[in-house]
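So the protein lines, in turn, are chains A and B. Going by the working numbering, 257 is the number at position 203 of the first sequence; the sequence numbering is gapless. Going by the working numbering, 109 is the number at position 55 of the second sequence; the sequence numbering is gapless.
Check each hint, because a few of them may be wrong.
Not everything, but these chain A residues come out facing chain B in the computed CB check (under 10 angstroms) [claimed, not checked]:
hint	residue
1	Val97
2	Tyr99
3	Pro103
4	Ser127
5	Lys135
6	Gln139
7	Tyr178
8	Phe243
9	Gly245
10	Asp247
11	Glu404
Mimicking EDC-like on lysine to aspartate or glutamate, the simulated pairs with C-alpha atoms at most 20 angstroms apart in a straight line are [unchecked claim]:
hint	chain 1	residue 1	chain 2	residue 2
12	A	Lys64	B	Glu404
13	A	Lys212	A	Glu229
14	A	Lys135	B	Glu260
Because the hints were derived from the structure by calculation, they are not lab data. Since we're looking at a predicted model, the values are computed, not measured. Idealized CB from N, CA, C, for every residue including glycine.
Protein chains: 2
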Amino acid sequence: MLPFRVINQKTTEQILDMARVIETVEQAYTLKAQKEATLFPMVFYEFEPGKADMDIKSGHLTGANIFGLKLVSWFGENTEKNLPQLIGMVMVLDSRTGAPRGILSGEHITCMRTGAAGGIGAKYLARPESEHLLIVGSGHQAPFQILATLIAMKHVKKVSVYNARSYERAAAFCENIQSRLLNMVVSQFKGQDDLLGEYTKRCQIEFVPVENIEQTTREADIIITATSARQPLIQKEWVKPGTHITCVGADMEGKQEIDEHLFAAARVFVDDVRQSVNVGEMEIPVKKGVVTKETIIAEIGEVILGRTAGRTSPEEITIFDSTGIALQDLLTANLVLEVAEKTGAGTVVEL
Amino acid sequence: MLPFRVINQKTTEQILDMARVIETVEQAYTLKAQKEATLFPMVFYEFEPGKADMDIKSGHLTGANIFGLKLVSWFGENTEKNLPQLIGMVMVLDSRTGAPRGILSGEHITCMRTGAAGGIGAKYLARPESEHLLIVGSGHQAPFQILATLIAMKHVKKVSVYNARSYERAAAFCENIQSRLLNMVVSQFKGQDDLLGEYTKRCQIEFVPVENIEQTTREADIIITATSARQPLIQKEWVKPGTHITCVGADMEGKQEIDEHLFAAARVFVDDVRQSVNVGEMEIPVKKGVVTKETIIAEIGEVILGRTAGRTSPEEITIFDSTGIALQDLLTANLVLEVAEKTGAGTVVEL
Chain A
55 MLPFRVINQK TTEQILDMAR VIETVEQAYT LKAQKEATLF PMVFYEFEPG KADMDIKSGH
115 LTGANIFGLK LVSWFGENTE KNLPQLIGMV MVLDSRTGAP RGILSGEHIT CMRTGAAGGI
175 GAKYLARPES EHLLIVGSGH QAPFQILATL IAMKHVKKVS VYNARSYERA AAFCENIQSR
235 LLNMVVSQFK GQDDLLGEYT KRCQIEFVPV ENIEQTTREA DIIITATSAR QPLIQKEWVK
295 PGTHITCVGA DMEGKQEIDE HLFAAARVFV DDVRQSVNVG EMEIPVKKGV VTKETIIAEI
355 GEVILGRTAG RTSPEEITIF DSTGIALQDL LTANLVLEVA EKTGAGTVVE L
Chain B
55 MLPFRVINQK TTEQILDMAR VIETVEQAYT LKAQKEATLF PMVFYEFEPG KADMDIKSGH
115 LTGANIFGLK LVSWFGENTE KNLPQLIGMV MVLDSRTGAP RGILSGEHIT CMRTGAAGGI
175 GAKYLARPES EHLLIVGSGH QAPFQILATL IAMKHVKKVS VYNARSYERA AAFCENIQSR
235 LLNMVVSQFK GQDDLLGEYT KRCQIEFVPV ENIEQTTREA DIIITATSAR QPLIQKEWVK
295 PGTHITCVGA DMEGKQEIDE HLFAAARVFV DDVRQSVNVG EMEIPVKKGV VTKETIIAEI
355 GEVILGRTAG RTSPEEITIF DSTGIALQDL LTANLVLEVA EKTGAGTVVE L
């Protein structure tokens with residue numbers, strides 16, 4: 055019999071804090087840069103175009119002795135059935151024996167590791183004194199992007215929030231985002247008094263809904279796009295020198311959040327070159343011939359390791375295309391499992 | 055919270071009987087032929103060539119409202135660690151909502167569905183009066199191939215067993231195979247008295263280790279190869295008219311069990327054209343230019359549906375290349391889950 059641990063969503067919420075997830079995702083990126091991690095080809099399938107799809111992302115982290123996969127399905131009509139639209143499962147196995155270690159709910163892990171990626175983009179590529187964060191998209195992912203950026207960047211004083219479809223939604227989001235962030239900080243950092251105090255303070259800033267995206271783009275230091283857009287929401291002419299942009303939304307062919315001409319004017323980094331060019335924010339600029347794959351300076355892990363310079367001047371525009379890679383999920387899931395194995399959280403079952 | 059069922063190996067052994075698995079695998083093949091099932095691209099990865107690898111096979115069965123995957127890893131050095139070399143997990147999800155239905159131990163499911171495929175090859179392609187079965191390979195899979203063939207073919211009177219490396223192992227296998235088969239029949243068909251009686255009788259036949267593979271090949275009516283060979287074990291000149299051959303072993307590049315020239319002389323069927331040509335028994339014949347992909351008459355589901363003739367004369371040589379497809383695993387796992395949901399077997403956990 056092969057025992058393994060099943061971890062539900064609530065337990066992943068209890069275990070993970072954004073500071074550790076940022077460290078973990080940095081480690082996933084650096085292991086990849088050090089060739090101690092391998093991404094396997096992604097499997098993508100549409101049950102019904104625009105209504106339901108699924109993907110299987112998998113990989114191997116030699117450096118952490120794990121391999122495995124995340125299966126995520128999206129069923130747009132699930133809300134009517136009282137089920138979540140997105141359902142994710144992460145499977146972690148021991149890469150020395152093939153034995154299963156755990157099956158974990160993938161939803162919160164995905165939210166946290168995706169947020170962490172945004173924080174890491176800002177940490178390594180934005181100007182350190184950045185004060186103004188613009189979040190494009192006020193959906194499920196936005197609070198995680200904000201939390202990670204506030205943890206990574208200590209001078210942020212203002213967060214502008216844009217919803218391309220509805221100013222009212224951005225306004226409603228801004229009304230309660232501070233208390234949502236404070237709740238996240240309190241539950242994630244309880245018992246870590248120094249961090250709790252510091253991050254509580256960082257959340258007590260200004261949150262403003264965006265009426266004029268052009269004007270706000272001209273003012274922002276850091277822009278994070280987390281939408282499902284298929285047309286650019288940010289135009290090149292609006293972006294001031296020194297801005298950092300992280301693109302989170304593009305994860306399949308046809309998605310695009312920012313003007314393709316920005317890539318010709320910026321210093322560009324990605325999490326995975328192949329995925330960025332195939333299904334990420336680089337797909338359309340490359341297909342349109344505005345830039346080539348060679349425009350990408352490096353994968354972000356190279357910057358974290360100090361092998362490649364990130365930002366080289368205060369005037370540069372930098373871009374990080376975070377497509378989301380299995381290594382982030384697997385290493386974050388591994389962190390959950392390590393804590394759960396110590397504390398006895400989750401349910402142990404046998405295969 | 056999303057509940058799903060975890061089923062361990064012992065429970066899969068208690069639930070599955072070979073007659074129902076044969077029906078289930080036939081259904082998987084026919085759903086594929088009716089375009090009510092889709093195979094996703096296979097992911098294959100070698101941790102260390104020749105020592106450890108893993109694959110992820112996945113797919114969707116519209117006709118059964120399920121999708122999912124099987125992850126199988128093979129670690130050759132696990133025996134020293136007191137772990138099984140092959141570890142498999144099947145993940146089944148509802149294709150109307152993406153919700154998980156079950157995680158199942160994959161080992162026994164794989165053995166049973168692979169055996170069933172061999173039985174189905176004989177049932178649809180061998181001469182109905184076939185009496186002599188030759189099994190090439192006396193490993194883990196051999197008893198399942200024999201059981202399925204005896205269930206599918208009622209006139210078999212003699213089973214010859216060949217081990218290319220060691221006559222002694224084939225002899226040892228023959229010494230206890232009858233009691234192993236009787237145990238399988240008793241445990242699988244208890245409570246189904248008619249079948250129990252009939253299949254018990256069918257196991258009471260002659261089991262003979264092979265000394266001279268050329269001579270035995272010349273006498274056999276049905277040949278099943280279930281080895282990890284990389285050189286042909288059966289030569290074309292040895293095969294008599296009217297023989298049916300099912301090849302089970304080839305599942306990655308470089309494997310080959312039978313003479314490539316047999317394909318030019320036979321009526322050839324496969325479970326999946328792409329997989330057979332890429333990693334199955336057709337790979338080497340096609341790469342060597344002996345035959346082309348077009349040599350394949352049809353996928354076996356077309357024969358089961360009666361859309362394509364299987365054997366068209368008693369003199370023909372027929373071949374079925376059974377590479378093993380995810381649809382077999384998923385539908386067999388679904389059968390286990392349906393029984394378990396009724397009887398309460400397994401452990402229900404929440405995601």
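Take a quick look at whether Lys212(A) and Glu229(A) sit within 20 angstroms of each other, Cα to Cα.
holds, 14 angstroms
Minimum beta-carbon distance criterion (10 angstroms), Lys135(A) to chain B:
This interface hint holds because 6 angstroms falls under the 10 angstroms limit.
Does Phe243(A) meet its interface restraint, that is, does its C-beta lie within less than 10 angstroms of any C-beta in chain B?
violated, 25 angstroms
Let me know if the C-beta of Pro103(A) comes in closer than 10 angstroms to any C-beta of chain B, holds or violated.
violated, 14 angstroms
Does the CB of Ser127(A) sit less than 10 angstroms away from some CB of chain B?
holds, 3 angstroms
Restraint check, 10 angstroms cut-off on beta carbons, for Glu404(A) near chain B
holds, 5 angstroms
Pair hint Lys64(A) and Glu404(B), alpha-carbon separation not exceeding 20 angstroms
Between Lys64(A) and Glu404(B) the Cα gap is close to 10 angstroms, so the pair holds against 20 angstroms.
Grab the minimum C-beta distance from Tyr99(A) to chain B and call the hint holds if it beats 10 angstroms, violated otherwise.
holds, 6 angstroms
Gly245(A) was flagged as interface toward chain B. Is the shortest Cβ-Cβ separation under 10 angstroms?
violated, 26 angstroms
For the restraint on Gln139(A), tell me whether the closest CB of chain B is nearer than 10 angstroms.
holds, 8 angstroms
Does Asp247(A) pass the interface check with chain B, least Cβ-Cβ distance below 10 angstroms?
Result: violated, 32 angstroms to nearest chain B Cβ.
Hold the hint about Val97(A) up to the distance rule: shortest CB distance to chain B must be less than 10 angstroms.
holds, 5 angstroms
Against the hints set out earlier in the document, violations occur for numbers 3, 7, 8, 9, 10 and 14.
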